[in-house]
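Engineer: Chain by chain, the residues:
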Amino acid sequence: MKYRSVFDIIGPVMIGPSSSHTAGAARIGRAARHLFGREPNYANIHLYGSFAQTYKGHGTDVAIIGGLLDYDTDDTRISTALETARNHGMEVQFFEEDAVTDHPNTARIKIGDENGDLELVGISIGGGKAEIMELNGFELRLSGSHPAILLIHNDRYGAIASATTILASHEINIGRMEVARKAEGEQAIMVIEVDQNVDDSILSELERADHITQVARISD
Amino acid sequence: MFKNVAELVQLAESKGEQISEIMIQQEMEVKQVSREQVYAQMERNLDVMEKSVEDGLKGVKSHSGLTGGDAVLIQDYMRDHEPLSGNLLMDAVSKAMATNEVNAAMGTICATPTAGSAGCVPGTLFAVKHKLNPTRDQMIRYLFTSGAFGFVVANNASISGAAGGCQAEVGSAAGMASAAIVEMAGGTPAQSAEAMAITLKNMLGLICDPVAGLVEVPCVKRNAMGATNAIVSADMALAGVTSRIPCDEVIDAMHKVGQRMPTAFRETAQGGLAATPTGKQLEAKVYGISLGKE
Numbered sequence: 001m002k003y004r005s006v007f008d009i010i011g012p013v014m015i016g017p018s019s020s021h022t023a024g025a026a027r028i029g030r031a032a033r034h035l036f037g038r039e040p041n042y043a044n045i046h047l048y049g050s051f052a053q054t055y056k057g058h059g060t061d062v063a064i065i066g067g068l069l070d071y072d073t074d075d076t077r078i079s080t081a082l083e084t085a086r087n088h089g090m091e092v093q094f095f096e097e098d099a100v101t102d103h104p105n106t107a108r109i110k111i112g113d114e115n116g117d118l119e120l121v122g123i124s125i126g127g128g129k130a131e132i133m134e135l136n137g138f139e140l141r142l143s144g145s146h147p148a149i150l151l152i153h154n155d156r157y158g159a160i161a162s163a164t165t166i167l168a169s170h171e172i173n174i175g176r177m178e179v180a181r182k183a184e185g186e187q188a189i190m191v192i193e194v195d196q197n198v199d200d201s202i203l204s205e206l207e208r209a210d211h212i213t214q215v216a217r218i219s220d
Numbered sequence: 001m002f003k004n005v006a007e008l009v010q011l012a013e014s015k016g017e018q019i020s021e022i023m024i025q026q027e028m029e030v031k032q033v034s035r036e037q038v039y040a041q042m043e044r045n046l047d048v049m050e051k052s053v054e055d056g057l058k059g060v061k062s063h064s065g066l067t068g069g070d071a072v073l074i075q076d077y078m079r080d081h082e083p084l085s086g087n088l089l090m091d092a093v094s095k096a097m098a099t100n101e102v103n104a105a106m107g108t109i110c111a112t113p114t115a116g117s118a119g120c121v122p123g124t125l126f127a128v129k130h131k132l133n134p135t136r137d138q139m140i141r142y143l144f145t146s147g148a149f150g151f152v153v154a155n156n157a158s159i160s161g162a163a164g165g166c167q168a169e170v171g172s173a174a175g176m177a178s179a180a181i182v183e184m185a186g187g188t189p190a191q192s193a194e195a196m197a198i199t200l201k202n203m204l205g206l207i208c209d210p211v212a213g214l215v216e217v218p219c220v221k222r223n224a225m226g227a228t229n230a231i232v233s234a235d236m237a238l239a240g241v242t243s244r245i246p247c248d249e250v251i252d253a254m255h256k257v258g259q260r261m262p263t264a265f266r267e268t269a270q271g272g273l274a275a276t277p278t279g280k281q282l283e284a285k286v287y288g289i290s291l292g293k294e
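Residue numbers (the UniProt record's numbering), protein chains in the order written: chain L, 1 to 220; chain H, 1 to 294.
No lab work stands behind these hints, which were simulated from the structure alone.
The hints are all genuine.
Straight-line Cα separation of at most 20 Å, SDA-like style, residue types lysine to any residue; simulated pairs:
{"id": "1", "chain 1": "L", "residue 1": "K56", "chain 2": "H", "residue 2": "L66"}
{"id": "2", "chain 1": "H", "residue 1": "K3", "chain 2": "L", "residue 2": "M1"}
{"id": "3", "chain 1": "H", "residue 1": "K31", "chain 2": "L", "residue 2": "M1"}
{"id": "4", "chain 1": "L", "residue 1": "K56", "chain 2": "H", "residue 2": "G271"}
{"id": "5", "chain 1": "L", "residue 1": "K56", "chain 2": "H", "residue 2": "G279"}
{"id": "6", "chain 1": "H", "residue 1": "K31", "chain 2": "L", "residue 2": "I172"}
{"id": "7", "chain 1": "L", "residue 1": "K56", "chain 2": "H", "residue 2": "G65"}
{"id": "8", "chain 1": "L", "residue 1": "K2", "chain 2": "H", "residue 2": "E7"}
{"id": "9", "chain 1": "L", "residue 1": "K2", "chain 2": "H", "residue 2": "Q32"}
{"id": "10", "chain 1": "H", "residue 1": "K31", "chain 2": "L", "residue 2": "A168"}
{"id": "11", "chain 1": "H", "residue 1": "K31", "chain 2": "L", "residue 2": "L203"}
{"id": "12", "chain 1": "L", "residue 1": "K56", "chain 2": "H", "residue 2": "L273"}
{"id": "13", "chain 1": "H", "residue 1": "K3", "chain 2": "L", "residue 2": "D220"}
{"id": "14", "chain 1": "L", "residue 1": "K56", "chain 2": "H", "residue 2": "Q270"}
{"id": "15", "chain 1": "L", "residue 1": "K2", "chain 2": "H", "residue 2": "Q25"}
Simulated restraints on C-beta separations:
{"id": "16", "chain 1": "H", "residue 1": "L273", "chain 2": "L", "residue 2": "G116", "range": "43 to 53 Å"}
{"id": "17", "chain 1": "H", "residue 1": "K15", "chain 2": "L", "residue 2": "G37", "range": "45 to 55 Å"}
{"id": "18", "chain 1": "H", "residue 1": "S34", "chain 2": "L", "residue 2": "M1", "range": "15 to 25 Å"}
{"id": "19", "chain 1": "L", "residue 1": "D70", "chain 2": "H", "residue 2": "K15", "range": "40 to 50 Å"}
{"id": "20", "chain 1": "H", "residue 1": "G59", "chain 2": "L", "residue 2": "E83", "range": "19 to 29 Å"}
{"id": "21", "chain 1": "L", "residue 1": "N136", "chain 2": "H", "residue 2": "M28", "range": "33 to 43 Å"}
{"id": "22", "chain 1": "L", "residue 1": "N154", "chain 2": "H", "residue 2": "K15", "range": "49 to 59 Å"}
{"id": "23", "chain 1": "H", "residue 1": "Q37", "chain 2": "L", "residue 2": "G137", "range": "32 to 42 Å"}
Note that CB positions come from ideal geometry on N, CA and C, so glycine has one too.
Chain H extracted, bound-state conformation:
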């Protein structure tokens, strides 16, 4: 079982395999199941992701009314304008938001690695799909590669906002997506690790401060920005840019930052945006209307 990114990359290089293949083989071994079973389960997850993006792009609204409909706005904008940041980036933004809007509306999603951070991986996948034209097999592999990097973060740091702030959720998700984009674009395992490191470095210290305690504000837009961070970092890694701080040390730094983060900034809705005057007003409004009736 690989314990860190260095081991993961080393395993892939020594076997001459992709990161996704190392993850598939480990899963088969750990769960003692066939390749077909592992593949089938991941394909089901892919189907759910695809469906949640579709649902979100039709337009959804959360029960609180705080989020929903922004993914559609961006698709409309892309149809009528040439986005300054380019179509691919805005498509990823829209599809990441679509997923999180469905999540906020209590729709069905696949946690990647969590529900609050469920947008980055599918958002980037279904956006780069138009550029890279992957096979279904490559799309499934995208999820295994994402999973391999998330696996390291989960075991060595945290993927929970309550434990480690939003850096542990959207930060991890964006890093995972970044590593997977690199593999799909034909980069090396080492470049995947660089992309993960670059992404995560730029998410360090991100607090978890959900307004009214809901997985809506700012979570939906943070997934959007996580997706852009992932794509830009992947491009940087593919260009040959490396991280001066090795990926495992970045993950360790993230862990330590998370541990020292005050409770108010760890999903308690007591700090950050949740504690702003408007955040407090929204909280009163949400509970006054919907939950006050209980």
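In isolation and in its complexed conformation, chain L is listed as follows:
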């Protein structure tokens, strides 16, 4: 079951004109922002399929950048996001790709600054719902049927234990979990599918835990 909540169907409250191309796109941008943890200096946005064909008219460009500025789907500042980003000194570039992807609404977002970068692939599956398929080259195998969170952490002992301990203390059951790393001792990620929604206070608690650098909700 890809959709779990009635508010995936009646909602979100959003700025028009398209739930897939505007609201879903804003959520992909915002997930990238949260995983990066700060406002990037540059953003290269690669658009595929229907995103590539119709992004200007649907405000997909302003929505993704709005997400990178940490705007929610109903933030009226989305329409002026490109100007705001420019004023903040963010260099933004869009690339219309003609490669065929598995999903018609696919975006590859590359963001960064002098301290680091991040690359993420997101899809907008309809009605404002978005999923993250790939992060920094790690393919995320999400069932889509459960809420999921994603944690970027340092590859050290205790990192995984600290995350699972926090979830356990809030009585949140883990249904599926995946851990991957680029190389021993380097950046690693945890993708955790849980049985119930993880609210913002738990996310920030996770963010403060040992060895965990970034936390984001990737589906709810």
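The hints should help you fit chain H onto chain L, whose structure is shown.
Structural biologist: Then chain H, alone, in the frame of chain L:
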């Protein structure tokens, strides 16, 4: 968790509850939240819908200039004439269009189930409101019932134009609205399912062909017609008319039609009305004026 319409109706019948109640209970269970929280969130959505209808009826214009102002034209027409199709139907048409005109103008709307199809549910709700005089509680329940049917479509077919054509967006929205009208009018859960099936059957094969790739032409008017389809189907179901093809099989048929639909007809702006000479001219005009400056 109900997986299809048959299970949804069966659950409602066995518990002697309305469809809306089944949806509320499932939401409480899935999200582990209280009834008050679920209600409050839906009431906020209702408020947004009400506001977007109001805004649209004041008259809005999209950035491209392709849409806006038609909802007002219809209200003026209703004031000065007796509409051939009746006041309720034209009121629904006007209010559905009002919502989508606000959406096209990048105003605030509530997606039901998507932004491009955001007009059918509120359009019908605020039109039948004058006839059925629902309480605020019943209006909120209208949205839960709509949501329950949309939930089944989203999980078993699609609510995305890019994935399944406009039948998945306006078709789903109209079907959802139809089922909710039946409940508000005092029909049974089974009649809601019939109304949904009848509506969706008449939306099958509807392509997604937005001119210039914008959620404007023909989206705004398709929401208008989706709203009428919903009301007429609801009346048919309340009269006792049933669908020979069960609702779940209609949803499955919609899914298969969507999968076989060529890419040109799935929100790429490469086929249908978008590919007509005028559609192409409008596209050139829109991007020449507004987006060419970038």
